[in-house]
Amino acid sequence: MHPSSNWLSGRSRVLVFQNPFYRPRRSSHMLLTVSGPPGSGKSTTAGLLADAFDLDHVSGGDIFRELADERGYTPLEFNKLAEENDQIDRDLDRRLREIAVAEDDLVLESRLAGWLAGEQADFRFWLDAPPAVRGERIAEREEKDPVRATEETQAREASEAQRYEEYYGIDIRDLTIYDLSVNTARWAPDAVLDMLVTAVEEYDAAGDEGQPIVDVDYDF
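FYI, in full-length UniProt numbering the residues of the sequence shown are 1 to 220.
Derived by calculation from the structure, the hints in this document are not laboratory data.
Since the model is a prediction, treat every value here as computed from it, not as a measurement.
Hints should not be assumed to be uniformly reliable.
Quick list of simulated restraints, FRET-style, between CB atoms [unchecked claim]:
(1) Leu81 to Gln162: 30 to 40 angstroms
(2) Phe220 to Gly61: 26 to 36 angstroms
(3) Glu119 to Pro146: 32 to 42 angstroms
(4) Asp54 to Ala102: 27 to 37 angstroms
(5) Asn85 to Asp171: 19 to 29 angstroms
(6) Lys80 to Asp56: 22 to 32 angstroms
Every residue, glycine too, gets a C-beta built ideally from N, C-alpha and C.
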């Protein structure tokens with residue numbers, strides 16, 4: 001089976017818990033971030049990572065829906081409003097930053113999670129895959145043409161990259177802030193999870209030559 005065929009919401013969770021030797025790992029006071037473009041598998045992986053370490057999982061999508069509910073909109077209505085009002089994006093990012101500062105025992109998942117968590121993050125992970133692979137995943141999930149899905153996704157990414165640069169001076173293509181970057185097209189979800197878990201469990205502070213420092217001072 002091609003690894004990408006497992007990158008659908010909920011499926012990979014079965015892969016992990018079918019393993020009779022699997023036991024949830026516990027840790028305290030740990031903030032992990034998972035970021036990546038649409039279709040990279042970040043939601044699937046973040047959920048599995050949270051389960052593996054018995055952490056809470058908060059995603060940008062969760063907070064977006066929370067903001068919509070607070071203001072009396074459906075997510076679809078709020079999404080359309082966000083296209084016309086950039087303050088909604090800023091409010092979302094501010095809320096994610098506040099969560100990163102206030103909480104631990106957490107996996108924070110969003111495109112900008114690593115940047116927004118800044119010095120609060122213990123480990124930052126970036127997931128990616130070739131555009132065509134991500135387009136196929138999105139197409140299968142949303143039941144649309146893969147070529148169209150790929151084109152729409154690339155256009156969305158270009159627009160978001162421009163906004164991040166304009167809002168915060170962030171170059172989303174700069175991966176130097178991340179502790180580990182994984183091409184999820186090459187491995188199945190459970191294998192990607194193992195990589196991230198190993199990175200955390202094998203960490204030795206004595207051998208750490210310097211965690212990437214992200215100075216968070218954004219104008220939300």
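Task: Hint numbers contradicted by this structure - done: 1, 2 and 4
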